[in-house]
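Let's have the full structure, built from the sequences with the hints guiding it.
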Amino acid sequence: MFEERSILLVEDSDDDVILIQRALRKGGITAPIHIARDGEEALAYFEGTGKFFRAPRLPLPTLVLLDLKLPRKNGLEVLQWVRGHRTLATLPIVVFTTSTEPSDLERAYALGANSYLKKPVTLNETTELLKTVGIYWLAYNEQPPFIQRGV
Amino acid sequence: MGLRLTRLLLVFILVITAYIVTGVVHYRAVHTLVQNQLAQRSQRLVALELQNLLTQTINAETGQRGFVITGREEYLTPFYEARTRIPESLAMLRQNLGSDAGQLQRLARIEQLHVLKLAELEQSIEARRQGGFSAAQAIVESNRGKAYMDEIRRDVAAMDDIERAKLADRALASATSANRTIQAIWIAGILDLGLLLLLFYVVRADALRREADAAQIANARMLLRNVIDGSPAVIYLKDLSGRLILANKEFERVFGAATSNDASDIGMVLEANAMPSARHDMEMIGSHTVVQFEASVHIPEGERQFLVSKLPLQSHEGEVVGICAVAVDITALKQAENEIRILNQSLEKRVDERTRELAEVNIQLQDANTQLEAFSYTVAHDLRAPLRSMQGFADAVGEDYAETLDDTGQDYLRRISKAATRMERLIEDLLSFSRLSRMELSLGTVQLDEVLTDVLGNLRTQIAETHAKVSINSAMPAVRANRAACLHIFQNLLSNALKFSKQGMPPIVRIWADAGMPEQDPFHRVRIWVEDEGIGISEVHRERIFKPFERLHGIDEYPGSGIGLAVVDKAARRMQGRCGFDSTPGKGTRFWIELPLVNMET
Numbered sequence: 000m001f002e003e004r005s006i007l008l009v010e011d012s013d014d015d016v017i018l019i020q021r022a023l024r025k026g027g028i029t030a031p032i033h034i035a036r037d038g039e040e041a042l043a044y045f046e047g048t049g050k051f052f053r054a055p056r057l058p059l060p061t062l063v064l065l066d067l068k069l070p071r072k073n074g075l076e077v078l079q080w081v082r083g084h085r086t087l088a089t090l091p092i093v094v095f096t097t098s099t100e101p102s103d104l105e106r107a108y109a110l111g112a113n114s115y116l117k118k119p120v121t122l123n124e125t126t127e128l129l130k131t132v133g134i135y136w137l138a139y140n141e142q143p144p145f146i147q148r149g150v
Numbered sequence: 000m001g002l003r004l005t006r007l008l009l010v011f012i013l014v015i016t017a018y019i020v021t022g023v024v025h026y027r028a029v030h031t032l033v034q035n036q037l038a039q040r041s042q043r044l045v046a047l048e049l050q051n052l053l054t055q056t057i058n059a060e061t062g063q064r065g066f067v068i069t070g071r072e073e074y075l076t077p078f079y080e081a082r083t084r085i086p087e088s089l090a091m092l093r094q095n096l097g098s099d100a101g102q103l104q105r106l107a108r109i110e111q112l113h114v115l116k117l118a119e120l121e122q123s124i125e126a127r128r129q130g131g132f133s134a135a136q137a138i139v140e141s142n143r144g145k146a147y148m149d150e151i152r153r154d155v156a157a158m159d160d161i162e163r164a165k166l167a168d169r170a171l172a173s174a175t176s177a178n179r180t181i182q183a184i185w186i187a188g189i190l191d192l193g194l195l196l197l198l199f200y201v202v203r204a205d206a207l208r209r210e211a212d213a214a215q216i217a218n219a220r221m222l223l224r225n226v227i228d229g230s231p232a233v234i235y236l237k238d239l240s241g242r243l244i245l246a247n248k249e250f251e252r253v254f255g256a257a258t259s260n261d262a263s264d265i266g267m268v269l270e271a272n273a274m275p276s277a278r279h280d281m282e283m284i285g286s287h288t289v290v291q292f293e294a295s296v297h298i299p300e301g302e303r304q305f306l307v308s309k310l311p312l313q314s315h316e317g318e319v320v321g322i323c324a325v326a327v328d329i330t331a332l333k334q335a336e337n338e339i340r341i342l343n344q345s346l347e348k349r350v351d352e353r354t355r356e357l358a359e360v361n362i363q364l365q366d367a368n369t370q371l372e373a374f375s376y377t378v379a380h381d382l383r384a385p386l387r388s389m390q391g392f393a394d395a396v397g398e399d400y401a402e403t404l405d406d407t408g409q410d411y412l413r414r415i416s417k418a419a420t421r422m423e424r425l426i427e428d429l430l431s432f433s434r435l436s437r438m439e440l441s442l443g444t445v446q447l448d449e450v451l452t453d454v455l456g457n458l459r460t461q462i463a464e465t466h467a468k469v470s471i472n473s474a475m476p477a478v479r480a481n482r483a484a485c486l487h488i489f490q491n492l493l494s495n496a497l498k499f500s501k502q503g504m505p506p507i508v509r510i511w512a513d514a515g516m517p518e519q520d521p522f523h524r525v526r527i528w529v530e531d532e533g534i535g536i537s538e539v540h541r542e543r544i545f546k547p548f549e550r551l552h553g554i555d556e557y558p559g560s561g562i563g564l565a566v567v568d569k570a571a572r573r574m575q576g577r578c579g580f581d582s583t584p585g586k587g588t589r590f591w592i593e594l595p596l597v598n599m600e601t
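The listed protein sequences derive, respectively, from chains A and B.
Numbering-wise, the first sequence is residues 0 to 150 according to numbering that gives the first Met the number 0.
Numbering-wise, the second sequence is residues 0 to 601 according to numbering that gives the first Met the number 0.
Keep in mind that the hints are not guaranteed to be accurate.
[Unchecked claim] With a cut-off of at most 30 angstroms between alpha-carbon atoms, the simulated BS3-like pairs for lysine-lysine come out as follows:
id	chain 1	residue 1	chain 2	residue 2
1	B	Lys501	B	Lys468
2	A	Lys130	A	Lys68
3	B	Lys417	A	Lys25
4	B	Lys468	B	Lys586
5	B	Lys417	A	Lys117
6	A	Lys50	A	Lys68
7	B	Lys417	A	Lys130
8	A	Lys117	B	Lys498
9	A	Lys25	A	Lys50
10	A	Lys68	A	Lys25
11	A	Lys130	A	Lys117
12	B	Lys417	B	Lys468
13	A	Lys68	B	Lys417
14	B	Lys417	B	Lys498
Honestly, the hints are just simulated from the structure, not real lab data.
Model, not experiment: these values are computed from the prediction.
Here it is, written out as structure tokens:
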């Protein structure tokens, strides 16, 4: 389902990567999932540098699932960087984090996050949530024109 | 003074006038008397002279007769004597008759008759000498002489009668006049006596008043003396030339009793420090105002500070006649002022130091707070992440490998998952408690009915599962609070009420607000009750119940972190509120929370 569309998951925890991938799979989301392990890798993905250097032409993700607590560059810095680029300004970004600090919420929205989701405690809830998110952003949501054309 | 003098003068004039008038009256009375006396004397003289005249005439006739009869010359002596004396007598009569015209006329006739009589007598005498007795006899017998004589007698008698009548009149007038004079003297005497008495009275009254005035002045002087001597200030009065008029005891005490009558020396001492004395004295006198200045004076006791007030002395006509100076010793005040200034300075320094110290402490506190926040963040994220992994993978194993695991394996997995869930809850509660402690709680108007609606919405699953009956039994007030904190409070209270119900009985929860507010509460708080019919809380736990992590029950019996009531207490305190409870174990618990009413904050 939606194979032509992809998800960029910015997440430093291996456990979470596995659990999220499982949840998406269980939820029937088959779109390819690219993984960035920290903030800098996320930036490298967009720039085609570092780990992603000379990689086959990378499509822009349809959705970015962004954790906030990240090594090197945190989620908010990534958000700020992405929103600072004209071509990426409209990229749908959903913050997916354990933090419920009001200050994090405030700043994430201020920097242009499209949504802010708290990681659920149980596996079932996580599966339910990610299924909903996947269907919403990949199927129902109308994509911004820039993103359709690719980098 | 002037009035009294005028009155005295008037009385004097009155007395003098009365004396002059009575004097004139006396003079006139005496004058009349004297005149009458003089007139009476003339009239008596006239009467005597008339007799004398008649006697002379008779003497003349007697002489003539003797000669005629005898022819001897010596008989003629009386005749000659009478002939000389008669004109003298007539002259005297004329002189004494004054201006009485009738009498003068009669006298003129008598004189004429005498001329005729004397001529007849001489004729007869000549005839005797020449012709002898018979010739003379013829003349005598002609009766001419007798006729003259009779006429003279008649006229003299008439004159005498008139004079006598006049004399009687005079005597009567004289007596009347004398009576009147006596009366006048009496009246004048009484009047004068009266006036003298009046004068005495007036002079005496004046003297008495003078005495009274003098006593009053002496009293006033004494009063003034008492007042200025009783004053703790130095008081002295000087005249315009600078001489001391009056000085009080304090003056003498401070400047010494030996001070001469010359105020200029101490005056100068007092005034030298401010401005040239003469100039500001003149200014003060000109403007009629009080001049005040501070002066330091060297006296035997040492250097003293005085607050000097000088004011012009005015006579009752408004003229400035001198200067009054009042000098208060303010040395002690000045010293106190100085000490206060020094104290103030040191206080300011201490305040500065304390402010600096506080600022340092504040920075340390801020650092600590920042660290605490970082710690909380770490707790929130880093502790939760592995927890979630544990739970996630436990669930994943449970789902994906269900067939390979026996029941014990399945049970273990569920226990791992449940423990993780509890820990997650614990971390969540801990975080919200610490957030409540350190966060700035912005206060605003919070409608408690809205808060309760939200809370009941959050708890609807729990309410439905336990078949609880929750009722709100009164109107809910608006309070000055933080909405999120209020949500925490009621969420905790209500979920406790639902949770700690008796086994197998649906919870019954009642909520209401007190109508009034506790009396004399400076914060104007309103009390809201949350009552349940649950298991109740024993009195022995009263102290522990609002402390964090205190649990009264086993985790399996009543699950929870033991932090809910600590959150309620903390939130209430941070909004100037209070909380507490009444409880009967086995019957139920009534929790209450007090929050400041909106618009009533002090």
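Against which earlier hints does the structure fall short, listed by number upward? none
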